[in-house]
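Chemist: One-letter residues, chain by chain:
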Amino acid sequence: MFKFKSKWLLPLALILAAVLVLAGCNNTTTVSTTQTTSPVTTTQTSVSTVTTTTQVLVGSFKIIGSNTITPLSSIWAENFMKTNQKVNIAVSGPGSGAGIAALIDGTTDICQASRAIKTTEIDQAKTKGVIIYEIQVATDALSVVVNPANPINELTFAQLSAIYTNQITNWKELGGNDAPIVVLSRDSNSGTFAYFLEDVIQMPGLPTADKTLQYGGKVLMLPSTEEGVSQVAGNANAIFYSGLGYVSDDVKTIAVKKTANDASVKPTVDTALNNTYPISRPLFYYTNGAPSGVIKAYIDYCLSPEGQQEVLTAGFVPLAK
Amino acid sequence: MAINAPEKLVLSSTNAAVLNTGLKRRLRFGERFIEGWIFLAGMLAIVVLLGIIFILLKEGLPVFTHTNPWDFLFGGKWYPAADPAVFGIAPFFVSTLMITLISTVVAVPIGVACAAYLSEVAPPRVSDTIKPIIEILAGIPSVMMGFIGLALLSPFVQSLFNLPIGLCGLTAAIMLSLMSLPIIVSVSEDALQAVPKEFKEASYALGATKWETIWHVCIPSALSGIAAAIMLGVGRAIGETMTVLMVAGNALAIPASPTDPMTTMTSAIASGIGNAVRGGVQYQALFAIGLILFILTLAVNIIAERVLERQKRKFSR
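For the record, the sequence lines run as chains S and F.
The first sequence begins at 1 in the numbering used here and counts up one residue at a time.
The second sequence begins at 322 in the numbering used here and counts up one residue at a time.
Next up, chain S with everything else stripped away, as it sits in the complex:
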């Protein structure tokens, strides 16, 4: 009989282990689903005490989207998690388009976007039962950057458009050195990619406006903003665009003007605030329906004076009061 048992021991143990593992999987998935479907679990601890109205915020949620806003969201999330120990926020920045796709597919709670959502995307969301709710959280001065060694200091929209559609390929044509222009862009996941295309390359509102213009085939589509900035820092002939928050001392910002007759303006917090910088844009948070619970508390913090102070630290432009 002993032999018989020992023969059975191994398969039985295997089956048991498999069952346990499966059960374990099941368990964790149910936990995570409850967390994602109802991330908003606010528990009131001291209901009876009259003097303190402390609410301990509990929950976890995700912010997915714009690579541009990621540094800002990270600061906000860290501060918020410091004051609310039981809240867990995960921030990631694959790009605005990716964030909006995630919001529509229900895989994120907040989408951060550096461009306004398109009507086609709102319609797609509706068919999936997602009601898009928009909150502007900051403003960005979209900066065009070149290497500090580049003598070019200012460019018009038409020139930027010609550079990014590969119509102008040498800095000489713009009064610079005789060197090929290395045109760098973000990839199509990026909200900055879409914003720059629609608001600069296609030159809306100008006599030369052309809705059919697209990025040229020789433009390098980079997967992250950091890579673009570091390429510009190391390449005398490169040009790139990025959120003001990513501009470092290793690169030079270009003063931009709409037409040759306008005054050229450097991207700074001040010029974005007084609306003289021509390519400043709103930065958004999108949620499914009006936010509530922890998410509302978080967004309230972002929009509060302390939150808006962090906008300045991150290199962006706070909302006008």
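Hints are computed from structural coordinates only; laboratory data are not their basis.
Quantities reported herein were computed from a predicted structural model and do not represent experimental measurements.
Built from N, CA and C at the ideal position, the CB exists for glycine as well.
It cannot be assumed that every hint is accurate.
[What the hints assert, rightly or not] Derived SDA-like pairs (lysine to any residue); straight-line CA-CA distance at most 25 angstroms:
#1 S:Lys118 <-> S:Leu213
#2 S:Lys128 <-> F:Gly600
#3 S:Lys211 <-> F:Tyr400
#4 S:Lys128 <-> F:Pro401
#5 F:Lys398 <-> S:Leu213
#6 S:Lys252 <-> S:Gly315
#7 S:Lys211 <-> F:Ala402
#8 S:Lys252 <-> S:Lys128
#9 F:Lys633 <-> F:Ile613
#10 S:Lys118 <-> F:Val602
#11 F:Lys379 <-> F:Trp358
#12 F:Lys345 <-> F:Trp358
[As the list claims (entries may be wrong)] Only part of the chain S face toward chain F is listed, based on derived beta-carbon distances under 10 angstroms:
#13 Phe80
#14 Met81
#15 Ile152
#16 Ser190
#17 Thr208
#18 Thr212
#19 Gly217
#20 Ala233
#21 Gly234
[Claimed, not checked] Label pairs and their calculated CB-CB ranges:
#22 F:Leu473 <-> S:Gly289: 32 to 38 angstroms
#23 S:Pro151 <-> F:Ile451: 48 to 54 angstroms
#24 S:Ala179 <-> F:Phe477: 41 to 47 angstroms
#25 S:Asn166 <-> F:Ile451: 45 to 51 angstroms
#26 S:Asn88 <-> F:Pro453: 38 to 44 angstroms
Position chain F against the provided structure of chain S, taking the given hints into account.
Modeler: Positioned in the frame of chain S, the structure of chain F alone reads:
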């Protein structure tokens, strides 16, 4: 059921008969259960493969109602965000072929030479040390290879060819050749090892030098194994994503030269999929690229498998 025998001897006849049938039934059930379990495990791989093919077809084919197959395969423009969206994968296809070809051209001579050295020339102690080191190279995550390409190789390529930027197909191809090298070395070394000793002994007996033996005897007899190694290396190069995404430059034009920045099929999928809403046209287009990529790698793998099979049969006689 051999364990039944001793028990039969110990137990009294009537009891034994009753217990035995029960035992047998239980054993038979157990046997069948385990068999079923193993069968299921074996089936799982096939089910997963069929599932992948099904999903690729289901999600990928609908794009052809938007763009006809000819325009999709040979169109030179890829504007997924434009209105209306334009999907032409010729730039990606050409880039993938170009990068794969260059990486193969770089990796094969080095890989085969290295394998010949390890199996025929190097003293056992040396080859026993070098081979594991080469195999470690295969374990380096592709992201790290991307970093190395970005930080070290691309400035070097840029200054060597006097390019405006170092992120180009050539940089990616060199990184990929480094990544497919371990596979090529490892598999072709095995093929060279499998060459019967008599062949070499006969060659030496005829007065051939070491070089002549390797070139005229060992490599030709191991050729099908080496060919399989090359195909496996090619498969690795076609499918690699992260490194290419980081160093190939990702320009959308059809590349005219290897030193142009380019986007391969894999990096087009990787950089686009996050942006695509499930079920949208762009999503379908990316799945269609995946389908073509799958067919491509499947073909390469089948050819490699066939060639390897032939190699095995050659020496089993």
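Chemist: Holds or violated: 32 to 38 angstroms for the Cβ distance of F:Leu473 and S:Gly289?
Modeler: Violated, since F:Leu473 and S:Gly289 (Cβ atoms, about 49 angstroms apart) do not stay within the stated range.
Chemist: Taking the closest Cβ pair, is S:Phe80 under 10 angstroms from chain F?
Modeler: 25 angstroms, violated
Chemist: Do the alpha carbons of S:Lys252 and S:Gly315 lie within 25 angstroms of each other, as the hint requires?
Modeler: 15 angstroms, holds
Chemist: Take a quick look at whether S:Lys128 and F:Pro401 sit within 25 angstroms of each other, Cα to Cα.
Modeler: Answer holds: S:Lys128 to F:Pro401 is near 21 angstroms, not above 25 angstroms.
Chemist: Does F:Val602 lie within 25 angstroms of S:Lys118 when you go C-alpha to C-alpha?
Modeler: Cα-Cα ~16 angstroms, so holds.
Chemist: Holds or violated: is there a CB of chain F closer than 10 angstroms to the CB of S:Ser190?
Modeler: 9 angstroms, holds
Chemist: Is F:Lys345 within 25 angstroms of F:Trp358, Cα to Cα?
Modeler: 19 angstroms, holds
Chemist: Does S:Thr208 hold up as a contact with chain F if the rule is Cβ-Cβ below 10 angstroms?
Modeler: 19 angstroms, violated
Chemist: Check the hint pairing F:Lys398 with S:Leu213 against an upper bound of 25 angstroms on the C-alpha distance.
Modeler: The given pair, whose Cα atoms are some 13 angstroms apart, holds under the 25 angstroms limit.
Chemist: Does F:Trp358 sit within 25 angstroms of F:Lys379, going by the straight-line distance between their CA atoms?
Modeler: 30 angstroms, violated
Chemist: Could you see if the CB distance from S:Asn88 to F:Pro453 stays within 38 to 44 angstroms?
Modeler: 42 angstroms, holds
Chemist: A closest beta-carbon separation below 10 angstroms is what the hint needs, so does S:Ile152 meet it against chain F?
Modeler: 16 angstroms, violated
Going down the numbered hints, you'll see the structure goes against 8, 9, 11, 13, 14, 15, 17, 20, 22, 24, while the others check out.
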